[in-house]
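Enquirer: Same order as they appear, the protein sequences are chains U and W. Residues in the first sequence are numbered from 1 upward in steps of one, following the numbering used here. Residues in the second sequence are numbered from 1 upward in steps of one, following the numbering used here.
Treat the hints with caution; some may be incorrect.
Claimed, not checked - Using 25 Å as the maximum straight-line C-alpha spacing, the simulated DSS-like pairs for lysine-lysine come out as follows: (1) Lys656(W) to Lys425(U); (2) Lys334(U) to Lys127(U); (3) Lys421(U) to Lys50(W); (4) Lys661(U) to Lys656(W); (5) Lys89(U) to Lys189(U); (6) Lys654(U) to Lys417(W); (7) Lys421(W) to Lys661(U); (8) Lys697(U) to Lys615(U); (9) Lys661(U) to Lys573(W); (10) Lys654(W) to Lys421(U); (11) Lys763(W) to Lys743(W); (12) Lys656(U) to Lys417(W); (13) Lys421(W) to Lys654(U); (14) Lys71(U) to Lys209(U); (15) Lys654(U) to Lys661(W); (16) Lys788(W) to Lys661(U); (17) Lys597(U) to Lys697(U); (18) Lys661(U) to Lys654(W); (19) Lys50(W) to Lys226(W); (20) Lys366(W) to Lys425(W); (21) Lys421(W) to Lys226(W); (22) Lys654(W) to Lys425(U); (23) Lys425(W) to Lys661(U); (24) Lys656(W) to Lys788(U); (25) Lys393(W) to Lys656(U); (26) Lys656(W) to Lys421(U); (27) Lys425(U) to Lys661(W); (28) Lys425(W) to Lys516(W); (29) Lys334(U) to Lys417(U); (30) Lys194(W) to Lys763(U); (31) Lys661(W) to Lys656(U); (32) Lys654(U) to Lys425(W); (33) Lys656(U) to Lys656(W); (34) Lys661(W) to Lys573(W); (35) Lys788(U) to Lys582(W); (36) Lys654(U) to Lys654(W); (37) Lys661(W) to Lys661(U).
Claimed, not checked - Here are the in silico distance ranges between beta carbons for each label pair: (38) Lys194(W) to Arg762(U): 49 to 57 Å; (39) Glu850(U) to Glu735(W): 51 to 59 Å; (40) Lys12(U) to Glu589(W): 37 to 45 Å.
Everything labelled a hint here was simulated from the structure, so no lab data went into it. Quantities reported herein were computed from a predicted structural model and do not represent experimental measurements. C-beta: ideal position from N, C-alpha, C; glycine also.
Residues per chain, in single letters:
Protein chains: 2
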Amino acid sequence: MDDSKFVYRFGKTTDGNRSYKELLGGKGANLAEMCNIGIPVPPGFTISTKTCKKTVDAGMQWPEGLADQVKEGVAHIEEEMGMKLGDKKNPLLLSVRSGAAVSMPGMMDTILNLGINDQVVEAIIQKTGNERFAYDSYRRFIDMFGDVVMGVSHEHFEEAITALKNEVEVVEDTDLTADQLKVLTDRYKAIYRKHTGHMFPEDPMEQLKFAINAVFKSWNSGRAIKYREISGITGLIGTAVNVQAMVFGNMSSECATGVCFTRNPSSGVHELYGEFLINAQGEDVVAGIRTPEPISEMEKIMPEMYDELYDYTRQLEAHYKNMQDIEFTVQEGKLFILQTRNGKRTGTAAVKIAVDLVHEGVLTTKDAISNLVNAEHIDQLLHPQFENGNVDKSDLLGKGLPASPGAAVGRVVFDSKRAEKAAEKGEMVILVRIETSPEDVGGMSSAEGILTSRGGMTSHAAVVARGWGKPCVAGCSDIIINYKTKSFTNGVTTIKEGDWISIDGTRGLIIKGQKKMRPPKLSEEYVTFMRWVAKFETMGVRANAETPEDTQLARSLGAKGVGLARTEHMFFKDDRVTAVRKMIISESEEDRREVLKSLLPYQKEDFIGIFDNMKGLPVTVRLLDPPLHEFLPSEEEEIERVAEQLDITVEQFKIKIEALKEFNPMLGHRGCRLGITYPEITEMQTRAILEAAIELKGRGVEAIPEIMIPLVGSVQEFESQREVIERTAEEVFNELNDSIPFKIGTMIEVPRAALVADEIARKADFFSFGTNDLTQMTLGYSRDDATKFIPYYLEHGLLSADPFQTIDQNGVGQLVRMGTELGHAGNPDLKVGICGEHGGDPASIEFCYELGMDYVSCSPYRVPIAHLSIAKAAIKAEEKRLLETV
Amino acid sequence: MDDSKFVYRFGKTTDGNRSYKELLGGKGANLAEMCNIGIPVPPGFTISTKTCKKTVDAGMQWPEGLADQVKEGVAHIEEEMGMKLGDKKNPLLLSVRSGAAVSMPGMMDTILNLGINDQVVEAIIQKTGNERFAYDSYRRFIDMFGDVVMGVSHEHFEEAITALKNEVEVVEDTDLTADQLKVLTDRYKAIYRKHTGHMFPEDPMEQLKFAINAVFKSWNSGRAIKYREISGITGLIGTAVNVQAMVFGNMSSECATGVCFTRNPSSGVHELYGEFLINAQGEDVVAGIRTPEPISEMEKIMPEMYDELYDYTRQLEAHYKNMQDIEFTVQEGKLFILQTRNGKRTGTAAVKIAVDLVHEGVLTTKDAISNLVNAEHIDQLLHPQFENGNVDKSDLLGKGLPASPGAAVGRVVFDSKRAEKAAEKGEMVILVRIETSPEDVGGMSSAEGILTSRGGMTSHAAVVARGWGKPCVAGCSDIIINYKTKSFTNGVTTIKEGDWISIDGTRGLIIKGQKKMRPPKLSEEYVTFMRWVAKFETMGVRANAETPEDTQLARSLGAKGVGLARTEHMFFKDDRVTAVRKMIISESEEDRREVLKSLLPYQKEDFIGIFDNMKGLPVTVRLLDPPLHEFLPSEEEEIERVAEQLDITVEQFKIKIEALKEFNPMLGHRGCRLGITYPEITEMQTRAILEAAIELKGRGVEAIPEIMIPLVGSVQEFESQREVIERTAEEVFNELNDSIPFKIGTMIEVPRAALVADEIARKADFFSFGTNDLTQMTLGYSRDDATKFIPYYLEHGLLSADPFQTIDQNGVGQLVRMGTELGHAGNPDLKVGICGEHGGDPASIEFCYELGMDYVSCSPYRVPIAHLSIAKAAIKAEEKRLLETV
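Can you build the whole structure from these sequences, using the hints too?
Expert: In structure tokens:
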């Protein structure tokens, strides 16, 4: 790559193509690509992402040669357009837009109509005979330039236009006359001068330089960083800058601008889907200021333009082999395509489009799996829906656009910061805003769902929510939101902050109160797609589940066993916790044994349920893990109540509670340390597991128990517990005069266990990496406390991802690798899996795949995602092998 | 080694020698050795430690051939003694004693007078004409056999003899006549029968088999395990059994028995030191039942015997090149040596004896360092003494034997269990017992000092206390102890449980209240010895210290710098903690900066103090480490008081305290995570360090600061803090127009840091392994909570040592090795040290030495121990190299 080339042209002469995405950003690369395949794109040029980095790194000093190349780029546009920047007869106007290698909707700043000044505005009037258009463009430019480039708040300009409309007594912006807009332009200039201390710059090349710098700077704006953080976007060096000839959708009613998808991004149905506005500029559609018309209306109003557009959309989809999200403008009867990109879509749509494109012969199943459907799509599909579709009229608060499907229930909040805070506390909220802006992404990400009263299907709220698979009802004009009183009303019912509502993003409904939810129905396409995925499955997927419901669900979603059944969950159930507490306060082994005897039938019953649901498949049962104090109450009242239940005095009970308290419970008396110091607990649990399995055997049901010892750090610990389990097994088998095969293995979750994995493996049948705790201990991050610094770390680049979501390959991953390799060295027959949260995270699954693990285990709803991630990893590995053999 | 050889003879024919220690135990090997060099030892044989293990492993089944070899062994003794076991004319009696490879005083069981039965007792009467002696031996044998072999409590026998003495109205055992002892023998047999359900075994070979098995079993008795645990004795396979012809110190007043040391074990003075009893059996001296005479009296009473003994002691010391602890018996004018071993000694004695033996030409300095002085000896020497040697008469409670030197202060407890519990809570206690027994070792270990009212200089309490370097006053007959009322009295003053006393083990004083202590004066021999040690020092020793007192002390004890100055200790001081708290409750960076400004002069002053004390030597300053909530009060009253100081409401303060609370503070918002999220703290501390150093430079004092960043887990964290430090340094240097060189390094204490040490090392000047935290995280043991299971683990062999005392080489050690190697790979100039508790632990220091670390850092009092440990490691390494080149 030529390091001194900063500017890449497109138009009739084009320097790039779509493979230049890293360098030119997605938008720039696609503009070049479209030019190459003959799509009518206004000419322009792209300044590369590298240039952005270079400039930012140099403290906004342009690298040598950039100024000249920008001039040449402008000359290129001037030549192709036959117009000149700043010309007094035929002036060229430019748009300046950002565009990184990964799409970030609404995140980066855009400037339109660049090149207007007091002379140019006259020239536009001369040329178009449209004084109104000229001044409308001018005042918009001052507003955008002031806001985006100079940091003059858009509000000041809004106030001015509102004041003017009041003065002249009109309602819509479009009602303002040319003269009035001219007055407005002057007022805007005054605002600009007041807030910047400078005159508005008249020199178009100076305007361009400022604008380019503003785009560069916006790369590191707070909201851009926040979006990258939330979306897990890392490794990019900067944004490209696209400078392009302006075309106008707002010159007259022969003009229009719009956005469309080649397929329905909600349902995936094969239809042209989108919205447009007559006599408007592009931002008007996206910003949700005017509610646009559906694209189908365009067929009636501008049939020729519609047909032409339709043909181009077909061509683009076929070319990109993916559903496209296209921006277009009609300027006085001429259609321009301003942008194309792979369209964001819902999970339902993603799967349907993938399956349809395969059936249409456009894609192979491998392509479909690798490129068209990702984990978030599948995740969305598995989102719950409302149990009962019917809504009582009295509960229905309003109807809006079904902007992002799925059901959500939460308490109303009107403020993004508040939404974030509530979510941190584990509260479920629905973010309700008149419209959303990039400043809201934090709150949107934290909310269960989003409701707006303004904006269309392609408004900010809708696009972002769909991208994240979060239910959203947009543009609901049935309600009026009042930020001051923190409430919204439909005229009949008023909902205040903190009240519960439910939203149905699939149908656009807003419902009072908490509606019950149920698991989703899965489409035919989903089944087809997952059948394809199954063909590439070369690693097992199990579920973390311990209730009959969860194990059933896991199996129905394709789990090939249970990788982690947490027995303590059974201890917490109301009828048992008293017995557990009795055991805890027992002073002697004898007393403990007595109480444990009473717990045995419960545990056995639980295991029978799990084994029965998982018949024929292995079930890994983890022995008691949490410290005992977790079973004791902490609230004063509760202590009194429980003390009575346990028949001891409150004082005695408090002494016991105090004695069990720990400074760092995470590193305390838990896991196998309990089983070792109280072997009678391990005995009871082993007995329950094996008695259950044998009982099922009697009924002809095959149970395959695997007993897992938690928190092992040394082979001595493992052996000590293995001995107890084997001794108990022998007792049970003798008593029942029957036996079943079973395995004994361990969690690898203490760093030391990974370091001495060979020793442990010699005695163990299987390992399961408990990467939650392993991450806590290897990084020294208490999961409960690290929220105090992890967000800061992510924001400031000290972490590239939350290590509790995606495995820290460099650190924790080294221990997992070491543990796996040493484990196999110690015992070649060792089965190895993972059962932390990471077992359901695509990047972590790929890592486990590369390590050659036997299985991953994750929560039931993540099972299909794990299947997909494995298929993707397998295809990737296959392709790599092919490349290597070539 | 012949695997079928179980029995090794000694006497005129001897199979072993002292190099057989592993196989024959220390006692057995030395008995063989003494026979080899012509010392008069009663003949006998030793059953090997291997045989013990084999038998125990086989569930007390004797291996094939053992029974025959034991018979042959008995025949060997019979031949050399000209007597026969069970013979009705000239019966042989035997002693059966345990003896492992490492001496464990009083731990293992012993049976004397074996071979007596109703016929044999008659034969003894016939032969000796001493009926009293015969029955006294018989009844002692029944008592011991019943107690040790069959588990019939000694108390039952004690009750019987006390009852009889009351009946016949005598006080001393020796006052009982032969007839009375005969009656007692019958009563003992009845007791035996009642508690065992069997007749007392008449067959001497059967008695022998029982006795041998009892010794085997005693290897795994609770108290033996406990002693090994406390003394850190591991890797032994079992005990040997020594079967030896009985000789009698209690046949008549021509008989005696005693214990002596070749040098004074308290002071090291070259003199025969010990005690003896006329007409007594060996156990009487050690058990403290009768208070024995000093050995110097023997010179008067039995001059010939004394001279003979003296010659043998000289011979033995020269032979073993070490001070010997010798047991002897005089039977009717004939001297027998029953045992010799290296004598336990105080630290003062160890150093003096080592230096004297070098000066006498017996030892080289290398031998002296490697074999004669260990870490515990040096530790003892450094024990504090009372500041003022004078004691007010009114405070002096009594005077006893100066059984183990040093001063101790604590609250009185009368029960070992209670002493253990109190020590767990961090309380200082003095264990006060009439006499101690092996059951007390736990409590003795936990106590600051030990006081007994009965027993001599070689009583259990004295021997054990001296071994551990714990102050002990023994046999203080000035006081009367009453366990029931939990008090002791000297007739004037009564001291209750919980009252403070002070004991002076060097002078044998018991003092009321808490006497002030001061650092010890170090002897000339100590200085000489440490000069020798310094010659072998090939790794640096620094101190963990941050007060002027500690840094001064450290330097005077030979520290070559400070390896860890904990800046937070300075924050806790009373006048500063309010400012620190103000900083913590600050809501903005601005407010925090304001408060930090007020802390700067304090920190600077502290650093000036440390740097000045350490002039010319490096000082590693660790930046703020603990979570901020540690600086906030937790008690209600204190919260109220502090809230007032801080001028906020109690409610606001409580909210702040609540917000800062952490579930696992150990893994929370602390270390560099604080410095990263509040860079202004790092800035202030850097500024204080560098301003202090430059100020001293102006005074001509060389300060060498090394700034250490705590809790780093990634290179990103390190770089981020390094950047803040370097930026601040530049500011300070510019402001003061001067500069000094300084280093920036990090603690390696998070497991991840060791895993990515190469990355970090590329940016760091030094590493210091913080093995306290590294152990907590690698093992997943919270130091504060692990007391709940570590003792159990040690007792049950799940841990061989407390990993917080001695580094877990297999686990944590792997990370230390990895961190060191990767660190040097990333930066060949990297300085590497250790600053956890392990920096003062001999085994851990040896490990660090082998890894090639640059220095260890430990608490000031451990500095000389570190020097010694390094010298030992260096000598060991040199010897290994020599062996390899040969």
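Enquirer: Which numbered conditions among the earlier hints are violated in the structure presented, ordered from lowest to highest?
Expert: Of the numbered hints given earlier, those the structure breaks are 3, 9, 20, 25, 29, 30, 33, 40, listed in rising order.
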